[in-house]
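Number of protein chains: 2
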Amino acid sequence: MASNSSRGSSERHRIAQHRLSVIAGHLQRPLNGDTTIRATECKAQGTRPDVATEMKTVPRRRQEIMKWNGWGYNDSKFIYNKNGQAEFTGKRYRLSGMIIPGLRDWMESTFGATVQHKTPATPVLNTSAVQPPTLNEAFVEGIKSTGIPFSHDPEDRVFRSHGHCLHEIFPLREGKVGRVPDMVVWPKCHNDVVKTVELACKHNVCLIPFGGGTSVSSALECPPEETRSIVSLDTSQMNRVLWIDEKNLTAHVEAGIIGQDLERLLNESGYCTGHEPDSMEFSSLGGWVATRASGMKKNIYGNIEDLVVHIKMVTPRGVIEKSCQGPRMSTGPDVHHFILGSEGTLGVVTEVTMKIRPVPEYQKYGSVVFPNFEQGVACLREVARQRCAPASIRLMDNEQFQFGHALKPQVSSIFTSFLDGLKKFYITKFKGFDPSRLCVATLLFEGDREKVLQHEKQVYDIAAKFGGLAAGEDNGQRGYMLTFVIAYLRDLGMDYFVIGESFETSVPWDRVLDICRNVKARIVQECKDRGVQFQPLSTCRVTQTYDAGACVYFYFAFNYRGLSDPLHVYAQVEHAAREEILANGGSLSHHHGVGKLRKEWMRETVSDVGLGMLKSVKDYVDPNNIFGNRNLL
Amino acid sequence: MASNSSRGSSERHRIAQHRLSVIAGHLQRPLNGDTTIRATECKAQGTRPDVATEMKTVPRRRQEIMKWNGWGYNDSKFIYNKNGQAEFTGKRYRLSGMIIPGLRDWMESTFGATVQHKTPATPVLNTSAVQPPTLNEAFVEGIKSTGIPFSHDPEDRVFRSHGHCLHEIFPLREGKVGRVPDMVVWPKCHNDVVKTVELACKHNVCLIPFGGGTSVSSALECPPEETRSIVSLDTSQMNRVLWIDEKNLTAHVEAGIIGQDLERLLNESGYCTGHEPDSMEFSSLGGWVATRASGMKKNIYGNIEDLVVHIKMVTPRGVIEKSCQGPRMSTGPDVHHFILGSEGTLGVVTEVTMKIRPVPEYQKYGSVVFPNFEQGVACLREVARQRCAPASIRLMDNEQFQFGHALKPQVSSIFTSFLDGLKKFYITKFKGFDPSRLCVATLLFEGDREKVLQHEKQVYDIAAKFGGLAAGEDNGQRGYMLTFVIAYLRDLGMDYFVIGESFETSVPWDRVLDICRNVKARIVQECKDRGVQFQPLSTCRVTQTYDAGACVYFYFAFNYRGLSDPLHVYAQVEHAAREEILANGGSLSHHHGVGKLRKEWMRETVSDVGLGMLKSVKDYVDPNNIFGNRNLL
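These protein sequence lines are chains D and P, in that order. Our numbering puts the first residue of the first sequence at 1, with every later residue one more than the last. Our numbering puts the first residue of the second sequence at 1, with every later residue one more than the last.
Hint data in this document are derived by calculation from the structure and do not stem from the laboratory. It is possible that some hints are incorrect.
No distinction is drawn between identical chains; accordingly, a pair holds when it is met within one copy or between any pair of copies.
30 Å max Cα-Cα, derived DSS-like pairs, lysine-lysine [to be verified]:
| no. | residue 1 | residue 2 |
| --- | --- | --- |
| 1 | Lys364 | Lys144 |
| 2 | Lys118 | Lys247 |
| 3 | Lys451 | Lys465 |
| 4 | Lys465 | Lys247 |
| 5 | Lys457 | Lys247 |
| 6 | Lys615 | Lys451 |
| 7 | Lys297 | Lys457 |
| 8 | Lys618 | Lys451 |
| 9 | Lys596 | Lys615 |
| 10 | Lys429 | Lys247 |
| 11 | Lys77 | Lys457 |
| 12 | Lys423 | Lys528 |
| 13 | Lys67 | Lys423 |
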């Protein structure tokens, strides 16, 4: 590995020298006045030294601010306060510190989950439940000599032993700890990663890259059969914006940067990537590349594959990167697409050049009420057909509409609840919408103010053709705000016998209604067949639109009281739901990825030959399975 | 291979059966009224049996309508008529049958090429110059038993032995024939291709897929070192539109279809793909996939990677295809991107599902004159920054503006020439544009009439900020029309000692001016250094805009009179031009691809590890190098 890397790097040096001599050739022999090379105007301007300021959402010891066995920040959680009302603690969110009067009743009526039946989590990790680390002494010595920070602390190791699948969080709540990494390292830059990978190859250590830790595909689970030392390569301290290029509207960023930090840093210069996955508070650029992430506003900014201009990844074979930052090329199969979606099986993404855009001048939320889901889907399909989708447009089904209501914070003003009541009367009694069938689309427009208002009119006009009624900005804004607190709700559920998960797919337009109906029905049937005592929550929304189809996002949760093995029941129902999705023409995943959770379907997804291609790349790049998370293949 | 294929196909059968049983499960146990599966509404509607009508631009014996040693149709060529005027023959084009009064003088003044100095082509192929075929008898017998049409005819074989690089056409004009395929086969459908590939694997025959034959990267050249029988797998008779899905706006098409036929067939149903590469009269869908093609109107319709929803390719290992037609997925690295750009090295693309759009209501051309190239580039950059590019926007330099003038057909009306003169006066004298510095952008808008007019205003307003002056629809329309006749001009040049080629790159915005200036200057210098007696034509245009850069297209041609080895001189200058492009931050290719012509730069383009990945895929998919065109690697 070391010799590959230095040969690779001296080769790149030779090529760079050659190029400089080509350009210098012009300077030596000026041809005529017009062709004087003005080299200075070619340099990336607008590089602000201050944007290299480190700005860490995520400290090395993440458990200082983040939950070790649940979602998100320690200080933010749903609880029932001493008055028995649901409340969201902390200060970080719009909802923080507020009472949510409807939530408790909703939990009871939806799940049969009452406050009497508690299943609290183990509050503190019992570190003696954590296996002592299997250390590879030579590797440890090697790391020490590099100066790269590391840890064998059981809390650090447990934190990085999992993502956020139900079957990963549930045991942690019970204080159960499975296979965890033996060591954590925190490289600070590309070269640190090169050294770490070289050492891992030399001493045969299993490396698992760890970015935001938000995987929901079991991608981060440590393979229990792994006998070598497992090292978690935590990228969070490798998180600088290295340069901003205002001429080309690109930024070069270290891959450990977290979504919220990236946007915040770029905003300071008046830019953004616009990439806003629901996990953006915690997920990392490297993770997005590894999983083919999708963001809420992809209609404007594109998905991750549209956003990246250049990627650098460290592999056991050496560093892979293209030599050019051109916008689009035909130079054989696109090697960026060997990296995108590789889910940590080939190497560590260290640096990425991303497209940036000026922060939009104007932003406007909106919402539309439809008489039923079918009309809503037809409207979204028409919006896609006319290629006039807003930055974001999402259609939730009736259950999610009810759920959204349950999450309304206590309003301080009588006037606002009067208004709400008036709206409700108008929509249900006056317009004749059936509250058990209506559904809501939330919208977000952004851009030049004038264009936004034009665009908005066009979309609402289409909505009207499908019986849609504009229902105001507030409902839209609340819908998007809730996105970031939904994940905290599962922890509340799990305090009261309720377990659940989200899963998603992409599907051609003409299959959307069937998939929504069939998958929700299948979930209900499977729960019944497996002895679940309470009606499950089985709900969906259309969360992205494309020319040729849509992304559909499901929530599934149930009260497991009375079941002896709830995780097993859950897994079986989820498995059946995925079979149902595939049978109805949906994909294995739109953006969550495959991980270990969905490996079994990979062969039928990409065909034998496709799977063989992926394996041949893996076998070439990482013959000793150093990147041994066992994802995908 | 046979066992792989039938195992693959019985596996797919099993999976399909499984899925049907999943869906049928719903029918057996109706859950409630709401969830009755209405299966019929899921079928692709709007499948018109008549669109499966075969419509062949390209007959099996292509030489019946196409030139065997030049570009395009036999009946269409530039000549000097008996009055010594340039004329374009035939009836197929807008320009056909017209006198082009300025062309002869332009040829003389630009190249020093006079009608006295002729280098006519050999009019007819001397079939005895063609090596007898090296036949693989077992393969031939196998093909005979399948009923797939085939030929050993020397004319058929020569036709498929080359693309349209200068170094391929020039020797043909001299009657020289190198290594050619030994046999041509014409499969008519996917299953024919499966049989052909199976036979090739079984009997170790080299297969070279042949679509439109328009390659300009030496991709189609037969490797002279190939000792096995070379079989040209001509896809042109596998060219049906299998279905149109109006619900999802997709069409499923056989990969041998030619661009003009595809659009014509879809237009009959009111649709289009909108994919219009300059080669579309002759190039094929399979070729576009294999080379990562780009179309003129990619700003609306996308490049080929944006257009494809599903691809089926036959390889020595079996058929590769995804199981889902979802719009966007995260299921590991995207195997479509292992196929796109594989340039015939992995297999034969047989069927593709492409996105289609309704034929736009309205189309409007336009043009803008800029005082100089720098202002024009700055304008295009601003249009890209505002993300308001028309369907097409191209900026040509001053030389191409002059050239465009030279190609004006004789106008029948005194009034039109008066108008032209008036425009010229206005632009040069009144507005003060210097005719030796001004340059022109051509534009095409399409869509809803109202939106087009708004869009047009926005673009012209931006142009005005950069000193641009609207110069009318005619100039725009002519610019695009000329696109299809330019390729014929090289044949005229070659009749009079002039040789030339186009080549292209993609490059970040801040490198565009330098690349244009440096590459053109380098070409001039290299010609001088190598003894070219006449000033070369060295010209460029910015032909596509992207967020992070542009595509730049160069023309390079010179009069080789007095040179003993013109092809060698040409190759050296082109090589130097590519080095100059790379040194200035341009890519190896935006859309022409790599072929054999640019292989030497692949390692530095994608890095050692990237190249190794591509090789590992090739070695897995085609271990015996059946697809032995030697492209890319």
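These are the hints, each one checked on the structure:
In this assembly of identical chains, the alpha carbons of Lys364 and Lys144 never lie at most 30 Å apart, being 52 Å within a copy and 67 Å across copies at closest. In the homo-oligomer, the alpha carbons of Lys118 and Lys247 never lie at most 30 Å apart, since the shortest distance is 58 Å inside one protomer and 49 Å across protomers. Proximity of Lys451 and Lys465 under a CA criterion of 30 Å is satisfied in both settings, with 22 Å inside one chain copy and 20 Å between copies. Only between protomers do Lys465 and Lys247 lie at most 30 Å apart by alpha-carbon distance; the minimum there is 18 Å, versus 43 Å within a single protomer.
Only between protomers do Lys457 and Lys247 lie at most 30 Å apart by alpha-carbon distance; the minimum there is 25 Å, versus 33 Å within a single protomer. In the homo-oligomer, the alpha carbons of Lys615 and Lys451 never lie at most 30 Å apart, since the shortest distance is 48 Å inside one protomer and 48 Å across protomers. Within a single copy, Lys297 and Lys457 get their C-alpha atoms as close as 19 Å, and across copies as close as 27 Å, so both meet the 30 Å cut-off. Within a single copy, Lys618 and Lys451 get their C-alpha atoms no closer than 47 Å, and across copies no closer than 48 Å, so neither meets the 30 Å cut-off.
With identical chains, the CA atoms of Lys596 and Lys615 are at most 30 Å apart both within one copy (15 Å) and between copies (27 Å). In this assembly of identical chains, Lys429 and Lys247 lie within 30 Å of each other by CA distance neither inside one copy nor across copies; the values are 56 Å within and 34 Å between. When the C-alpha separation of Lys77 and Lys457 is checked against a cutoff of 30 Å, the pair qualifies neither within a copy, at 39 Å, nor between copies, at 52 Å. Proximity of Lys423 and Lys528 under a CA criterion of 30 Å is satisfied in neither setting, with 37 Å inside one chain copy and 80 Å between copies.
Taking identical chains as interchangeable, the C-alpha atoms of Lys67 and Lys423 are never at most 30 Å apart, the minima being 39 Å within one chain and 72 Å between chains.
Violated hints, listed in ascending order, are 1, 2, 6, 8, 10, 11, 12 and 13; each of the other numbered hints is respected by the structure.
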